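Colleague: Listed below, chain by chain, are the residues.
Number of protein chains: 2
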Amino acid sequence: MNNKAYLTNYDINEALDKYIKLLNIKESTEETETKDSLGRISAEGVYAKISNPFYNCSAMDGIAVKAVKTHGANEKNHIILEKGTDYEEVDTGDPIPESFDAVIMVEDIIKESETSVKIHKSAARWENIRSLGEDIVESTLIIGKNHKIRPVDIGAMIAGGISKVHVYKKPLVGIIPTGDEIVELNDNLKIGDIIEFNSKMFAAQVNEWGMESKVYGIAKDKKEDIIAALEKAYKECDVVIINAGSSAGREDYTYDAVSALGKVHIHGIAIKPGKPAILGEINGKPVIGVPGYPVSAYFVMENIVKPVISKYINFFDEKEEIEAVLSRRVMSSLKYLEFIRVKIGLVDEKYIATPLQRGAGTTMSLVNCDGVLEVPQNYEGYEKGETVKLKLLKTQKEIKNTLVLIGSHDPILDTASDMMKNRNFRYTLSSAHVGSMGGITALRNEECHISTMHLLDEETGEYNIPFIKKYIPGKELVLIKFVKRTQGIMVRKDRKFSVSSIEDIKNNNLSFVNRQKGSGTRLLFDYELKKAGINPEEITGYEREELTHLAVAAAVKNGDADCGIGVYSAANIMNLDFIPIGDEHYDLVMPVKYLGLESFLEFLNTIKSDEYKKQLDKMGGYAYDELGKMIYL
Amino acid sequence: MNNKAYLTNYDINEALDKYIKLLNIKESTEETETKDSLGRISAEGVYAKISNPFYNCSAMDGIAVKAVKTHGANEKNHIILEKGTDYEEVDTGDPIPESFDAVIMVEDIIKESETSVKIHKSAARWENIRSLGEDIVESTLIIGKNHKIRPVDIGAMIAGGISKVHVYKKPLVGIIPTGDEIVELNDNLKIGDIIEFNSKMFAAQVNEWGMESKVYGIAKDKKEDIIAALEKAYKECDVVIINAGSSAGREDYTYDAVSALGKVHIHGIAIKPGKPAILGEINGKPVIGVPGYPVSAYFVMENIVKPVISKYINFFDEKEEIEAVLSRRVMSSLKYLEFIRVKIGLVDEKYIATPLQRGAGTTMSLVNCDGVLEVPQNYEGYEKGETVKLKLLKTQKEIKNTLVLIGSHDPILDTASDMMKNRNFRYTLSSAHVGSMGGITALRNEECHISTMHLLDEETGEYNIPFIKKYIPGKELVLIKFVKRTQGIMVRKDRKFSVSSIEDIKNNNLSFVNRQKGSGTRLLFDYELKKAGINPEEITGYEREELTHLAVAAAVKNGDADCGIGVYSAANIMNLDFIPIGDEHYDLVMPVKYLGLESFLEFLNTIKSDEYKKQLDKMGGYAYDELGKMIYL
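Top line first, the protein sequences correspond to chains A and B.
The opening position of the first sequence corresponds to residue 1 in full-length UniProt numbering, with each subsequent residue numbered one higher.
The opening position of the second sequence corresponds to residue 1 in full-length UniProt numbering, with each subsequent residue numbered one higher.
Just so you know, these hints were derived from the structure itself, not from any lab.
The model shown is predicted, which means the values in this text are computed figures rather than measured ones.
Among these hints, one or two may not hold up.
Here are the in silico distance ranges between beta carbons for each label pair [stated by the list, open to error]:
| hint | chain 1 | residue 1 | chain 2 | residue 2 | range |
| --- | --- | --- | --- | --- | --- |
| 1 | A | A532 | B | I80 | 37 to 43 Å |
| 2 | B | T29 | A | N575 | 24 to 30 Å |
| 3 | B | I110 | A | K222 | 25 to 31 Å |
| 4 | A | K389 | B | I80 | 48 to 54 Å |
| 5 | B | T29 | A | E538 | 51 to 57 Å |
A few chain B positions that, by computed beta-carbon distances, are all more than 12 Å from chain A [what the hints assert, rightly or not]:
| hint | residue |
| --- | --- |
| 6 | E30 |
| 7 | G72 |
| 8 | N74 |
| 9 | A260 |
| 10 | E281 |
| 11 | R328 |
| 12 | T387 |
| 13 | L633 |
Note that CB positions come from ideal geometry on N, CA and C, so glycine has one too.
All chains, please: the whole structure from these sequences, using the hints.
Modeller: Listed below in structure tokens is the structure:
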């Protein structure tokens, strides 16, 4: 265990400034056909070579005339014009023949003969003529330097006589994944294998930024191997990214490898996640060590790699910023600039941001998040209710068209989300799984539009309504019946024990995997334990928590625990046996004021559709006789 | 002149609904490697095939332990653990060896020997373990159907075991330019040639929408030729666009050609510009006739072609919308949905939208505009000061970083704009040329941040300040000295007449090209005429107006007029002779409150730079001794 490299804690802006100065990147340019230049960045200001139009031409189909010969024409006094001397036929875009100086449009002339027309309106000089340069005058700036070329720019450049344009050459970014356990995705994965996917995400990011990428084969965690891979890559590419091994752990050789071939300028930046990034250089080419955890990797790519390598093209698309109200308190370390992933909902015309879990390994949180809150270094964080600036990862329109659901999990939410996007790609269901009580909190805090829950009141045997009345008093809410579903004990088909009731878990000393506190399923389990007179401490694994039915099912399926509790459909999806313990009401609850939201109406139509009900039948364990019934509270 | 086709005036939404129903487009799908799927649209919901991680693994570098064996360890009571029985070394991502159930991180252990460690903290069960499915649980929805795939989606899909993904096949869109005078841009253009550039803009638009394009050769305006081109294209492509010939004029054969091979469903839509669009079909494939004027063409592409052909991929990026205050009244016809191009400035935290000229031929207005105001059919328009919704063509960030300049034109503004983008691509100078008096109006209406002007007070001989005091009283403004520049008479070098003064224009009966009313240059010319005792009516072409110095110079250069008035640099750029008539002060004026705007500071640094002054010397006719001096008014 040789912690050879001391990690610094550079402020990110200082680090970038220092690194970029040391690198002193020189852009290369190339000439491309204007028509092929979409999305490229101009390496020079483009000035029109010719005017458009480059001669005076007719703006209409009609006749070119001498204005002076038309004077006096009106409704009462028609004037006859002779072809050749007084007029010539012109179509839109035709040049104005010499000595003519106005155009009368075809609708305003009456044909007298093959060679004469009658007019009843005079023409002013230059009327209906597009004069030379009306659109673009020779030598006018069409687009400036460092401009990302759009379709309209291509049109205007060609109109201005520019057939070729100088743009920056796209740098080639080499990406080297490293690690002994890292493997390409394949059909024969074994325990201990770690699927390599960061390099593919990096390559896509680099392409999205308008550059080229090349992913190299996986280098083993040996110093020689990493040096060999790096040597090849830096010769072939303009930039090299080494993924993982950038920490100071047992097998982190990136630092040594970069040092062997070039120089590490900075190791360790005051950001979280992403601190162990390495900023190095080999023969003037940037070599950047990016940490392995996908979320750390993503933020290092976006906040360090992107601004550095964008120097090759003098451009990058900046993320849009909005202001949003925080629905929860966010604490942050004074030592780092921290990137907090947030979900954003447009609730009552205000953006509400809800922080997501911070784990650095959670790829799905990147998929699901809508924006990023940056808590600066030396800040302790932000209070609930505070207005903060966010960087958006989606468009405001997408966020506006998203129905934010926070509450209890069921696999049928995934089905609804997928099916809703299929019906109309504009609308999105975004669901966060925090359990039924978490849903109630979110409703009370106005963090979401709608919530899902299944909370049994032990006194009355009634579902959900008693809890809503107790915890969210004074709000106009509507409960929308969703499904009745069957909960039960999930066990592997090849189990070597028997289980037919809650009691058997204790009696046969089976290991159990539980749901998180505040979830309706956990409350149900506690209720069943109490009924059976069992103390939670008597259940092995009672403290092991998972957040969703599928996660519990997966733990059981993989032999991580003997049994767990969850809905029938989850057991079915994972091909587990299922011992029912009871049916329950899984309902939707939302403020009445959101009933008219477009995204909600799309969601409601989705879940009421025959297609959706067919899917529920297929998944099994759901009754939907009351689906869509509304109870105003 | 056979107006064979009667143009209807369909409401755009009705037209689209009807046409899309009749077409009944069937998407095709294809499988692509997940890693290559960036920007593609998913043709199915993607559910994880495996969990990530797919086994319990260490979240840290450290040792895997049995939690129960660590209980009781604290600062005072260290516990010694033996390798093999009590612990195993694990790195981040390593599987947790059977029978162990927690990880202690490397920082919290003290090595005692090669086979033993000391700990001073107990571990809870599952501590520092990433449990199976912590990130992605098998069977969870990763992305829904009809979703545009992003880098993070690629990462998550591969992590979830998805190596290939079903996406929609990109439709191939054939584009046929037509017209007898239409030519490809070349070095031997002659009067009457019209450069073909629409097809290149269309192709870029289609590519931007995530589809493939193929541009065909130019078809002549003959029915047979267009039919032949169309027949070839519709067999090779999924969609065909015919450019121009969609009107009902003399040589508009698109209607006939589509009818000959298939059917025209709709001809004429109630939009402006863009009315004569043709929506047709050949063997189930959409064939759309798009009008020839670039602005009409652009709006038909964006508002008709895009929503129709996006049905092949069930997706399109919608433009973001913002609310803005109109700085001028906008009148519109009741007969059409009208698309009004606007410039947008963020002035005092409010978006201010200023309508641009409406000509359908002005490609540059598409380049320069920031957004589009849609005035619905049956609306007369909007009043000045009204809040309207706009569709954005730029990002809000770009608009925020744009310094809006409205006022008098000089070629050095192009130079500044180009150079500013070169210094820092984030900041943009957007300048609209409406003359000095127009600039004063814009300042008064708060349509812009800054204005340029050169207005001579005949009484005092003072420049600009008397006008500001008179026309914009009561505002805190600052005048920033820009340049002293030389105005004069521009004539061709190969002229066959002599001219050395204003008087010669009249005396030699030279044709003249003037600047628009309200421009300082026109006021100067009027002042000089008055001094010389010449009546404007004695000047041939006095009524012929151009908007910029370069436009006047271009008209002179091309023999359109014998002479014009303008600045030395414009004459120099166009290689004209120049007879000076006097120097004048060309200054900047802005409200004091904008002095701190980032975009202004970047602009100020640009024009104060040596590089810029060098450029002024090169262009000629400018003195800049006072440049940057501020006079508070």
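Colleague: Each hint needs a verdict: does it hold in this structure or not?
Modeller: Results for each hint:
For the hinted restraint 37 to 43 Å between A:A532 and B:I80, the CB-CB distance of approximately 42 Å keeps it satisfied. Taken as a hint, the range 24 to 30 Å holds for the pair B:T29 and A:N575, whose Cβ atoms sit roughly 28 Å apart. Distance hint check for B:I110 and A:K222: the Cβ-Cβ separation is about 28 Å, which falls inside the suggested range of 25 to 31 Å. For A:K389 paired with B:I80, a C-beta distance near 51 Å keeps the hint of 48 to 54 Å intact.
Between B:T29 and A:E538 the C-beta distance comes to about 53 Å, which sits within the given range of 51 to 57 Å. The Cβ of B:E30 lies farther than 12 Å from every Cβ of chain A, with a closest approach of about 18 Å, so its non-interface assignment holds. Every CB of chain A is more than 12 Å from the CB of B:G72 (nearest about 18 Å), matching its label as outside the interface. At roughly 21 Å, the least C-beta separation between B:N74 and chain A is larger than 12 Å, which holds for a residue marked as non-interface.
With a closest Cβ-Cβ approach of about 23 Å to chain A, B:A260 is found to remain outside the 12 Å limit, as its non-interface label requires. Residue placement check: B:E281 keeps its beta carbon more than 12 Å from all beta carbons of chain A (closest about 24 Å). Residue placement check: B:R328 keeps its beta carbon more than 12 Å from all beta carbons of chain A (closest about 22 Å). Every CB of chain A lies more than 12 Å from the CB of B:T387, the least distance being 15 Å, so the non-interface label holds.
Under the 12 Å C-beta cut-off, the non-interface status given to B:L633 relative to chain A holds; the minimum distance is some 30 Å.
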